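Just need the whole structure built from these sequences, with the hints factored in.
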Amino acid sequence: MRLFPALLTATALMLPGFVQAEGRSIIVLDASGSMWGQIEGRAKLEIAREALGSVLSGMDPTTEIGLMAYGHREKGSCTDIELVVPPAAGTGQAIIDAANAMKFLGKTPLSDAVKLAAEDLKYTEDAATVILITDGIETCEADPCALGAALESAGVNFTAHVVGFGLTEEEGRAVACLAENTGGKYIQASDSGALIEALKTTVVVAEPEPAPEPAALADNVDPVVLLVAGGAEPGDPFIQDVVFSFTPLGADGQDAGDQVTIYGRQLGALPAGAYRMETTLHSVTVTQTVEIGPETALSQPTAVLDAGIMDLKLVTEAGGAPAAEAQWELRGADDLYDTGYAQALRVIPSGEHALSARLGSVEASDSLVITAGEVTEKTIILAAAVPVFTAFYAPGVPVEDETTFEVFDPSPALDGSRTRIDVVYRAGNGPELPPGDYVVVATAGRASAELPFTLKAGERVAVDVVLNAGIGAFTAPNANSIEIFAAKQALDGSRTRVEVFYGPEGTVILPAGDYVALATAGEASAETAFSIKPAERSTVTIEASVGAVAISAPGAGAIDILPAATALDGSRERITYFYNETAEALLPPGDYIAVASRDDVSAETPFTITADQRTEVVVTLVMGLAAVSAEGADAIDILPATAGLDGDRPRLFYAYSGAAEVMLAPGSYVAVAKYADGSEIEQAFTITDGARADVVVTRP
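Note that my numbering gives residue 371 to position 342 of the sequence shown, counting from 1, and the numbers run on in steps of one.
The set of hints was computed from the structure by calculation and includes no laboratory data. Note that the structure is a prediction, hence the values are computed from the model and not measured. Just so you know, not all the hints are guaranteed correct.
Calculated pairs, DSS-like style, for lysine-lysine (alpha carbon to alpha carbon, straight line, at most 30 Å) [stated by the list, open to error]:
1. 151 / 214
2. 342 / 562
3. 144 / 132
4. 151 / 132
5. 517 / 407
6. 214 / 144
7. 104 / 132
8. 517 / 562
9. 342 / 407
10. 132 / 214
11. 485 / 517
Using C-beta positions, here's what the derived DEER-type ranges look like [said to hold, decoys possible]:
12. 261 / 483: 48 to 56 Å
13. 442 / 394: 24 to 32 Å
14. 259 / 442: 53 to 61 Å
15. 602 / 683: 24 to 32 Å
16. 449 / 314: 20 to 28 Å
17. 430 / 558: 20 to 28 Å
18. 417 / 261: 46 to 54 Å
19. 431 / 516: 21 to 29 Å
20. 394 / 491: 30 to 38 Å
21. 243 / 284: 26 to 34 Å
Built from N, CA and C at the ideal position, the CB exists for glycine as well.
The following block contains the structure:
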């Protein structure tokens, strides 16, 4: 370790050029074993003693200073720290004598030594200075940097100076932070000549404090926007809407960092350099390159928009108030577009632009010429009339339910269709429309009617549409659906369906007339004829006679429900079916058969449905399981063991593999295994109710 140069430097720091700090001081001396190392043929401890003697003998006798040492009494100890000479005036000789008599043995607990010195100086109550002289870094698992920060935070006016004895740059950084974190100095020396020169400079001439650097501004950018060159910056409300975006540029003029945005009257902070500044105010955007100066001075980059102000009002009559629902659009060169409602104060690029306005179906357009730096006033009159729509069941009886009013051009096209102009979904004020002739179609529920009407500028016109309709209220207990049909049949016997409700009840507005209501409950249905009269409510109840059946067939894969009676050809038409072992259904009163099946097994149970009652039905399948395996087979057939009268055995089941499982009725069967070479092997087996038969077909 290179202790001596740092020792001289540290001692020099104690002379009038350095130790004239407020309060008392303590020298913390490194007395570790590394002090026996040599510089220029001399032991560092000898040079240290000589330096202390030279410096302290010339010290101001009123200076209150002491000496603390570490590593001077025992080897390998991190607690070998001692206040050798307490701080007081006139202690120079005592410190010299103590250093001359001191041994240099142990480790380097420099952090704990500095902390103890600070505490002896009562650094939390009084101004205090500690001068650490070390030829090495911390060796006792402490953090000098953290200690410096803690002492600075807790001290009244505490300063630590550190002298490094020829430490490397990395070693120096490890201890320099102790000084820097308290506002002190770190001095590094590499040889005795440099130390002596530093000592002379420190003792003879105290370096004046350098002039303070100009303070950096918290916000060094105040961008300015002008509508026209030489004009004034726009005031409120415009200035609050401006957005300045700054993107740093590299030497090649390309983007070189993240964008920073400044809004309105705000200031911002940017490092010095070139930037692309994009300024946006309403529909105007200007992009330019600007130079931001040092952070110690305020930069005011200026954007000139070459724009004016549009003061626009949209009214329905001269001198009228702005129409809140009126909308305007502005279009111009370079994809200029802006829009808003009723009235506007907007910054617009200079030049001629296209301005259009709309209120409901009323439209107007005009050109707009903007002069840079000036306010251009513009008023557009949207002469409109307003229809007030009301729908009536019959004259004098208004419809309270939701009603739709569609407004059409009265002139039909060649195909008879008319152009729809607008639509509203409630009674009351309709859309603003230009004066003229129209047709309205009012719809409530399934009733509708149309009425022509005429509008004049500035008028509100009542448009009353009579639907000639009433209300139908339907109830069908147990029903899944209720369908409403027109009573009149077409030539093919069909009727037009008007409405459908999915459930046991429903209400709808219908045109006056005759109808049929059809209620469906499961497989049962019933219908009732009824009439609707204008402005009246018709209550219709449809009674579908129905009962419920709950079928259970343990082990079944499917359940079919059939009528008990057969057709003339002896067949029965399936009413409904379920792929499960349980089923529930609603059926009209009558006699039925429940058929349960699984593979080749089936069973049936007759039952009767009574209106408004629930019937429980159990179908029992008598069957067993055949588990057939035939190693190497391509297919397996299951046949009855006994042939029929025609001598054939019908195939009951087949599988295109060498294994199969199937449910069969009790009895005798044959499993036929078929192989790729065309050969077949049979194996007889028997099925017992509720039992499993494992059948193995073995090829010889």
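Do the hints match the structure? See the list:
1. Between the alpha carbons of residue 151 and residue 214 the distance comes to roughly 21 Å, so the proposed pair stays at or under 30 Å and holds.
2. Distance restraint check for residue 342 and residue 562: the Cα-Cα separation of roughly 52 Å exceeds the 30 Å cut-off, and the hinted pair is therefore not satisfied.
3. Proposed proximity of residue 144 and residue 132 is supported: the alpha carbons are some 22 Å apart, at most 30 Å.
4. Proximity of residue 151 to residue 132 is assessed by CA-CA distance (about 28 Å); at most 30 Å being required, the pair is judged to hold.
5. At roughly 63 Å between alpha-carbon atoms, residue 517 and residue 407 are farther apart than 30 Å, so this suggested pair is violated.
6. Proximity of residue 214 to residue 144 is assessed by CA-CA distance (about 17 Å); at most 30 Å being required, the pair is judged to hold.
7. Of the supplied pair hints, the one linking residue 104 and residue 132 holds, its CA atoms being roughly 11 Å apart against a limit of 30 Å.
8. With a C-alpha separation of about 17 Å, the suggested pair residue 517 and residue 562 falls inside the 30 Å cut-off, and the hint holds.
9. For the given pair, residue 342 sits about 6 Å from residue 407 by alpha-carbon distance, which is consistent with the 30 Å threshold.
10. Taken as a hint, the residue 132 and residue 214 pair is honoured in the structure, with Cα atoms around 28 Å apart against an allowance of 30 Å.
11. Distance hint between residue 485 and residue 517 is unfulfilled; the C-alpha atoms sit about 43 Å from each other, more than 30 Å.
12. One distance hint, 48 to 56 Å for the beta-carbon pair residue 261 and residue 483, holds here, with the actual separation near 54 Å.
13. Hint check: residue 442 to residue 394, Cβ distance near 26 Å, so the stated range 24 to 32 Å holds.
14. In this structure the supplied range 53 to 61 Å holds for residue 259 paired with residue 442, their Cβ-Cβ distance being about 60 Å.
15. A hinted range of 24 to 32 Å for the beta carbons of residue 602 and residue 683 is consistent with their spacing of about 29 Å.
16. Between residue 449 and residue 314 the beta carbon distance is about 40 Å. The supplied range of 20 to 28 Å is therefore violated.
17. As the Cβ distance of residue 430 to residue 558 is approximately 25 Å, the hint placing it in 20 to 28 Å holds.
18. The hinted window of 46 to 54 Å between residue 417 and residue 261 holds, with their beta carbons roughly 50 Å apart.
19. Distance hint for residue 431 and residue 516: a CB-CB separation of about 27 Å, consistent with the stated range 21 to 29 Å.
20. Evaluation of the 30 to 38 Å hint for residue 394 and residue 491 yields a pass: the beta carbon distance comes to about 31 Å.
21. About 30 Å separates the C-beta atoms of residue 243 and residue 284, a value consistent with the hinted range of 26 to 34 Å.
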